[in-house]
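Here is what each chain is made of, one letter per residue.
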Amino acid sequence: MSEWWTYRPGDLLMVSLRVYERLFVLHNQALWPAQWLALALGAGLLLALWRPAAGRRRLALAGLAAAWGFVAWAFLWQRYAPVNWGIRYLLPLFALQALLLLVLGLGRGVRVTASRRAPARWAGLALVAYAVFGHPLTALLHGHGLAGAEVIGLAPDPLAIATLGVAVLVQPARRGWALLAIPALWCLTSAATLLLLGAPGAWLPLAAVVIAVAARWRPPGCA
Amino acid sequence: MSLESQRLSRRRLLGGLLALAAGAALPPFPARGSEILTREVPAIGEALPLVGLGSWITFNVGDDPLLLEECTAVMAAFFAGGGRMIDSSPMYGTSQATIGHGLATLDAAGKVYATDKVWTSNAAEGPSQIEASRRDWGVPRFDLLQVHNLLAWEANLDTLQAMKAAGEVRHIGITTSHGRRHGTLERIMRDADIDFVQLTYNIVDREAEARLLPLARERGLGVIANRPFQRKRLVRRLAGEPLPGWAAEIGAESWAQVILKFIVSHPAVSCAIPATTRVDHVRENLAAAREPLPDAALRRRMAEHVRAL
Ligand SMILES: NC(=O)c1ccc[n+]([C@@H]2O[C@H](COP(=O)([O-])OP(=O)(O)OC[C@H]3O[C@@H](n4cnc5c(N)ncnc54)[C@H](OP(=O)(O)O)[C@@H]3O)[C@@H](O)[C@H]2O)c1
Chain D
1 MSEWWTYRPG DLLMVSLRVY ERLFVLHNQA LWPAQWLALA LGAGLLLALW
51 RPAAGRRRLA LAGLAAAWGF VAWAFLWQRY APVNWGIRYL LPLFALQALL
101 LLVLGLGRGV RVTASRRAPA RWAGLALVAY AVFGHPLTAL LHGHGLAGAE
151 VIGLAPDPLA IATLGVAVLV QPARRGWALL AIPALWCLTS AATLLLLGAP
201 GAWLPLAAVV IAVAARWRPP GCA
Chain G
224 MSLESQRLSR RRLLGGLLAL AAGAALPPFP ARGSEILTRE VPAIGEALPL
274 VGLGSWITFN VGDDPLLLEE CTAVMAAFFA GGGRMIDSSP MYGTSQATIG
324 HGLATLDAAG KVYATDKVWT SNAAEGPSQI EASRRDWGVP RFDLLQVHNL
374 LAWEANLDTL QAMKAAGEVR HIGITTSHGR RHGTLERIMR DADIDFVQLT
424 YNIVDREAEA RLLPLARERG LGVIANRPFQ RKRLVRRLAG EPLPGWAAEI
474 GAESWAQVIL KFIVSHPAVS CAIPATTRVD HVRENLAAAR EPLPDAALRR
524 RMAEHVRAL
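If you're matching them up, the sequences are chains D and G in order.
For the first sequence, the positions run 1 to 223 when the working numbering is used.
For the second sequence, the positions run 224 to 532 when the working numbering is used.
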């Protein structure tokens, strides 16, 4: 882009807040009643991380990997990319995250921390719990009820926030960092988009990144 | 020929003669159209309504049926008010398809002055991009194609010139915005064979007045003024200010109309192309293209007033 420094950040945005909000409303309408299934699977994820036996851990990470693939295809590609051509450049990152979750999650040597005294563990679990049960309620901030609720497994923000939580819990740390990078990038992109759109709750994905990075710096005790 | 069709054609002939007579009595520049003022673009030998319709962001609504309906309503009000030029680009997401949806729903392909752009750094892709845009619009050919943001302008302009020579597009031009690359634009306006330029011009962004607008007049080029409201920033900024007394003198009932009247009263400007999602706004914008328009002295006062705010 020529003379990029003369562009204001707002000039780069090509959708309106109304269109952005409606993306989630239409997505939910098209997938209804999959939201209930997604919430149940989200609760299952939380449970698996709460009591992380090896089998559950594998299932949880494989499920998350599938969700990254599904959200990339059903939301980003089918709905968001037609109105925001920049999104197509992020699709490979979603595929890469799915692959990372599979490889690191199913591979040997990965653990999920279970120490009850480690604050970072609570931070990780809190992020996942917020992503599953709290984040859909932020639709209420937009003033249009829950029709546009962003549900884990169907929409990118709660998925990325839950994955940040998982990345905090995963040991060894190097693998945790590897899982953290792409969801953090997505959350920052999302926060910037919401901020430029003047949407409420732009700080939420940003706060999730700050919490995840801070918690990751303090390695939790390992089970 | 049936009696009915004879009557129709006699009526049409009479109507045409009346219109001719009325036209002769009016000053040639700008001319009064059925609804809104038009101004002739010497390079194309046609007159266009002074207010058109942009589509950046506002018409990028995907396949959302509710929003498509709203955009179609905006287009219906636009055509009903005498509007003709709609401007889009392959850069604007699904805006072109939205326009196509509106044109098909309203059966208005014959009413629109279809204005689009070629936007690619690889000029070899230009023809296929233009063809995809044309299909989105659902028009037989574009009235005006412009090189978007001067992107690979030499090669893309070659494509447009070849298309014009082949009768695949009626008119061609080049665009910029935000006051960027005016030096290059000036060179193109002097040297290249084009019909239109599109640039940012409004009551606060007036750089084009110094060289580009006089040059456009000298060369007979059409000038399309984009970002009339600085993407709403300008109307928001002025919203809290009371309308000055002179607004009534030019029949402006809102700041949006003050801004549009300022733009289209510049004799070099062919039209302004505000974008909107709202039927009331499209009507308000079209109404700004009616008499009276400010003269040069009042235009100066208007600009000074806004600068001082
Ligand atoms: N390089 C290029 O080729 C280039 C660059 C920029 C723009 N353009 C063209 O120029 C067009 C216009 O520029 P733009 O869309 O950037 O900005 P603009 O027309 O200056 O502003 C559009 C905004 O103004 C608001 N608006 C419209 N009529 C109004 C009224 N009567 N009262 C109050 N607000 C009103 C609209 O909001 P509502 O929906 O609420 O009415 C919309 O958000 C573009 O759509 C595009 O077609 C071309």
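These aren't lab readings, by the way, just hints derived from the structure by calculation.
Be aware that a few hints might be false.
[As the list claims (entries may be wrong)] Pairwise CB distance ranges, derived in the manner of DEER restraints:
| id | chain 1 | residue 1 | chain 2 | residue 2 | range |
| --- | --- | --- | --- | --- | --- |
| 1 | G | E354 | D | A53 | 50 to 60 Å |
| 2 | G | R524 | D | R8 | 39 to 49 Å |
| 3 | D | A126 | G | E292 | 17 to 27 Å |
| 4 | D | L141 | G | A531 | 36 to 46 Å |
| 5 | G | R456 | D | R18 | 30 to 40 Å |
All C-beta atoms in this analysis are idealised placements derived from N, C-alpha and C, irrespective of residue type, glycine included.
Task: Hint numbers contradicted by this structure - done: 2, 3 and 5
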